[in-house]
Amino acid sequence: MTALLETTQLSKTFTLHGRGGLELPVFSGIDLKVVAGECLALTGHSGSGKSSLLRCLYGNYGASAGEVRVFHDGQWVSLSNAAPREVLDVRRRTLGYVSQFLRVIPRVSTLDIVAEPLRRLGVAADAARAEAAQWLARLNLHERLWHLPPATFSGGEQQRVNIAHGLIGGQPVLLLDEPTASLDADNRRIVMELIRAARTRGAAIVGIFHDDEVREAVASRCFDVEQHHPSH
Amino acid sequence: MMDDNYNFGFLDERTKKMIRRAMLKAVAIPGYQVPFGSREMPFAYGWGTGGVQVTASVIGRDDVLKVIDQGADDTTNAVNIRRFFARTTGVTTTEKTAQASIIQTRHRIPETALEEGQVIVFQVPMPEPLFRLEPRRRETITMHALAEYGLMNVKLYEDIAQLGAISRTYDYPVLVNERYLTSPSPIPKFDNPKMHMNPALQLFGAGREKRIYAIPPYTAVRSLDFEDHPFEVQRWDHACALCGAADSFLDEMIVDDEGSRLFVCSDSDYCGERRDAGYCGTQQAVHMPVNLLPLPLGEGRGEGREEGPRAEALAPTLSQKEREVIQ
Amino acid sequence: MNDDLLLSVRGAGKRFMQGNRLRWACRDVSFDLYPGEVLAVVGESGSGKSTLLRLLAARLACDEGSVHYDVRDEAGTAAAASAAGEAGLVDLAQLSEARLRWLARTDWGFVEQHARDGLRMNVSGGANIGERMMALGSRHYGKLRGQALSWMERVELDVDRIDDLPGTYSGGMQQRLQIARNLVTHPRLVFMDEPTTGLDVSVQARLLDLLRELVDQLQLAAVIVTHDLAVARLLAHRMLVMKDGQVVEQGLTDRVLDDPQHAYTQLLVSSVLTP
Chain A
148 MTALLETTQL
158 SKTFTLHGRG
168 GLELPVFSGI
178 DLKVVAGECL
188 ALTGHSGSGK
198 SSLLRCLYGN
208 YGASAGEVRV
218 FHDGQWVSLS
228 NAAPREVLDV
238 RRRTLGYVSQ
248 FLRVIPRVST
258 LDIVAEPLRR
268 LGVAADAARA
278 EAAQWLARLN
288 LHERLWHLPP
298 ATFSGGEQQR
308 VNIAHGLIGG
318 QPVLLLDEPT
328 ASLDADNRRI
338 VMELIRAART
348 RGAAIVGIFH
358 DDEVREAVAS
368 RCFDVEQHHP
378 SH
Chain B
32 MMDDNYNFGF
42 LDERTKKMIR
52 RAMLKAVAIP
62 GYQVPFGSRE
72 MPFAYGWGTG
82 GVQVTASVIG
92 RDDVLKVIDQ
102 GADDTTNAVN
112 IRRFFARTTG
122 VTTTEKTAQA
132 SIIQTRHRIP
142 ETALEEGQVI
152 VFQVPMPEPL
162 FRLEPRRRET
172 ITMHALAEYG
182 LMNVKLYEDI
192 AQLGAISRTY
202 DYPVLVNERY
212 LTSPSPIPKF
222 DNPKMHMNPA
232 LQLFGAGREK
242 RIYAIPPYTA
252 VRSLDFEDHP
262 FEVQRWDHAC
272 ALCGAADSFL
282 DEMIVDDEGS
292 RLFVCSDSDY
302 CGERRDAGYC
312 GTQQAVHMPV
322 NLLPLPLGEG
332 RGEGREEGPR
342 AEALAPTLSQ
352 KEREVIQ
Chain C
719 MNDDLLLSVR
729 GAGKRFMQGN
739 RLRWACRDVS
749 FDLYPGEVLA
759 VVGESGSGKS
769 TLLRLLAARL
779 ACDEGSVHYD
789 VRDEAGTAAA
799 ASAAGEAGLV
809 DLAQLSEARL
819 RWLARTDWGF
829 VEQHARDGLR
839 MNVSGGANIG
849 ERMMALGSRH
859 YGKLRGQALS
869 WMERVELDVD
879 RIDDLPGTYS
889 GGMQQRLQIA
899 RNLVTHPRLV
909 FMDEPTTGLD
919 VSVQARLLDL
929 LRELVDQLQL
939 AAVIVTHDLA
949 VARLLAHRML
959 VMKDGQVVEQ
969 GLTDRVLDDP
979 QHAYTQLLVS
989 SVLTP
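Chains as they are written, first to last, in our numbering: chain A, 148 to 379; chain B, 32 to 358; chain C, 719 to 993.
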């Protein structure tokens with residue numbers, strides 16, 4: 148099976164200059180290899196650095212040491228050393244991300260937010276919105292909400308918008324940060340199906356699943372981030 | 032008879048040399064404003080000092096000089112300037128365009144076509160065509176240097192947008208030799224076409240602003256316009272009352288309290304020549320009732336004055352006593 | 719990924735004499751900009767960001783370093799490439815004033831902080847939009863007006879106001895008029911100096927929305943100077959953080975804002991109030 152995401156000795160330490168240079172080590176020496184079709188669940192207690200690791204994999208956090216590599220366009224791209232526009236291209240076509248909290252852009256409707264990843268891939272506006280509508284319907288988001296900006300939605304509704312936004316692009320590598328956290332049982336099941344469907348189409352997934360049931364249902368293996376805290 | 036107390040042409044020879052150098056440069060760069068050391072003349076700025084300095088620098092003993100002001104040889108300014116040159120040069124003067132070798136003019140180009148060898152000198156108040164749009168000299172110098180004339184087009188666009196047509200009817204901006212934007216001086220736009228490929232040398236002098244420019248013979252001169260709003264000259268519904276000319280620029284004179292107008296050729300020489308040749312106009316004023324004229328009070332009621340309803344319409348503005356007088 | 723480099727800045731710096739002291743308003747700035755990339759230059763007052771913007775737009779000359787741009791000639795071909803056989807980038811310092819002014823009117827846009835500085839206040843909205851086309855020789859009134867109308871629609875201005883003077887427009891409308899005026903010639907690079915500062919919050923939101931769409935639709939590259947991190951996050955792919963004339967941090971916008979490395983960046987990010 149082809150590896151799509153790799154890390155080599157990945158380490159992250161925060162340095163708080165505002166606190167006199169206080170250093171907060173998060174993890175160190177992480178070697179990961181995620182292949183197509185598998186779902187790697189990151190485990191560890193709250194605060195152990197799971198989210199930080201995920202963000203490092205996305206390029207949202209810089210690596211203090213080590214490297215993140217993504218298989219993009221038939222070759223390995225070092226996310227840690229790539230130019231910003233390369234990172235953006237990787238994110239557009241290869242690396243998808245479902246964040247824990249939806250970042251709201253004022254005045255943009257839910258439908259347009261979800262359609263945006265497709266627009267960036269060159270899909271025409273109407274077709275993109277049509278597909279976005281399908282995703283939202285699948286996630287049980289009522290049609291009357293589609294033309295509203297999601298700022299006033301409930302946590303669960305926002306999370307479903309987030310999931311649609313993260314998965315609609317069909318990227319081969321997906322990073323999921325607590326995708327079912329605010330969802331009820333029905334919606335959780337729908338998301339689990341979506342994740343399984345992504346695995347089936349060959350996506351390599353790295354996810355944080357707070358819920359044991361969800362993790363057991365979708366993950367093919369686990370990785371304990373807490374083990375890689377420098378204090379260990 | 033020339034007055035020996037003055038140098039020929041009033042100006043000293045060094046000054047004439049300086050002005051001729053400026054003119055040579057001006058002729059070499061058609062439409063480009065050349066600064067020159069404008070001298071103090073025996074009359075004030077605004078009365079043609081620039082034009083006079085140009086004429087004084089080119090005039091020779093054998094020249095024949097014509098001077099016109101708004102097309103007429105017999106207006107005060109034309110008379111004074113002609114007498115000035117008669118006194119300081121002793122040259123022959125004339126009122127006939129065809130006989131002149133130098134024509135100094137304020138605000139008109141003669142109707143009679145000019146020929147090779149003639150020189151026409153324009154009096155220019157403001158040589159900078161962009162002045163009203165961009166008063167800063169530093170900016171306009173750069174615009175001319177880089178041929179950045181978009182601003183003028185913006186002004187013309189704005190005229191059409193706000194007024195339906197380009198509003199300029201005199202001093203209409205032209206592009207000389209497809210390069211420099213130039214002010215043709217406050218001639219009516221009716222005269223602009225005459226500037227194009229004219230066989231005569233056209234010289235422009237602005238005394239107060241201290242600039243000279245020129246359009247050499249047979250130079251392209253194009254009035255700015257839009258493709259779908261092309262440049263048009265003024266037209267009249269009437270002909271000259273004196274000579275019957277339908278192709279000249281007509282002055283419109285109001286001759287009575289009724290608003291009757293007399294249309295007469297602005298170019299007095301042209302009109303005179305036609306009359307000498309036997310042409311004749313209607314010799315009459317044109318009656319043009321204007322409904323907004325105030326009512327004449329008391330006596331002197333002319334034709335065409337409406338009674339009754341008109342008085343009522345104006346009633347609110349008349350006092351009781353005035354109304355009694357009308358009634 | 720094979721897009722031609724649009725703007726290349728190497729060690730750019732500008733100094734001013736203050737009294738008898740020499741002060742570097744900005745120094746040692748280097749970055750490359752590609753088509754379609756939006757770069758935010760962020761910093762507080764006195765950081766040198768506005769000076770940098772003026773250096774990039776050739777309104778000031780570099781005292782150190784250089785700014786190179788992919789100049790195209792009137793036919794749209796890379797001028798330098800045809801002339802010198804190089805990569806197509808031309809040092810702005812080598813260009814004549816005429817060329818720079820032509821560049822500023824065609825391939826570049828500059829949106830000023832105060833719309834009044836970027837508009838002709840004494841001619842109508844339509845004339846403002848049409849000016850660049852007229853400067854390039856467009857002489858058909860009907861077509862000019864048509865273009866002005868379509869651009870007004872695009873920036874969400876009421877087309878009935880085409881003949882109104884900009885002074886009668888609200889602040890937000892003036893900004894949108896400024897944007898339309900700059901975009902008629904389809905510039906590839908737009909400079910913006912605090913485009914939303916001073917506008918009401920709702921007006922800002924609408925303007926940012928418009929800018930996002932236009933940048934996307936037209937594949938504009940842009941350099942946006944702002945002190946508002948939210949504007950940077952919304953519009954920019956990349957960020958430059960400036961303090962006291964120096965670039966203290968640069969990179970992907972979300973990386974710089976979510977994982978700031980430099981002390982000053984951390985201070986900036988932590989200082990932002992969120993309602």
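A portion of the hints provided could be inaccurate.
What the hints assert, rightly or not - Derived pair list, reagent style DMTMM-like, types lysine to aspartate or glutamate, alpha-carbon separation capped at 20 Å: (1) Lys861/C <-> Asp190/B; (2) Lys861/C <-> Glu165/B; (3) Lys861/C <-> Asp268/B; (4) Lys220/B <-> Asp287/B; (5) Lys180/A <-> Glu214/A; (6) Lys861/C <-> Asp882/C; (7) Lys861/C <-> Glu240/B; (8) Lys220/B <-> Asp259/B; (9) Lys56/B <-> Asp190/B.
Source of the hints: derived by calculation from the structure; they are not laboratory data.
Okay, the hints, checked on the actual structure:
1. Lys861/C <-> Asp190/B: holds (16 Å)
2. Lys861/C <-> Glu165/B: This hinted pair is violated, its Cα atoms lying about 26 Å apart.
3. Lys861/C <-> Asp268/B: violated (33 Å)
4. Lys220/B <-> Asp287/B: violated (28 Å)
5. Lys180/A <-> Glu214/A: holds (12 Å)
6. Lys861/C <-> Asp882/C: holds (19 Å)
7. Lys861/C <-> Glu240/B: Since the Cα atoms of Lys861/C and Glu240/B sit roughly 38 Å apart, the hinted pair is violated (cutoff 20 Å).
8. Lys220/B <-> Asp259/B: With a Cα-Cα distance of about 18 Å, the restraint between Lys220/B and Asp259/B holds, given a limit of 20 Å.
9. Lys56/B <-> Asp190/B: violated (34 Å)
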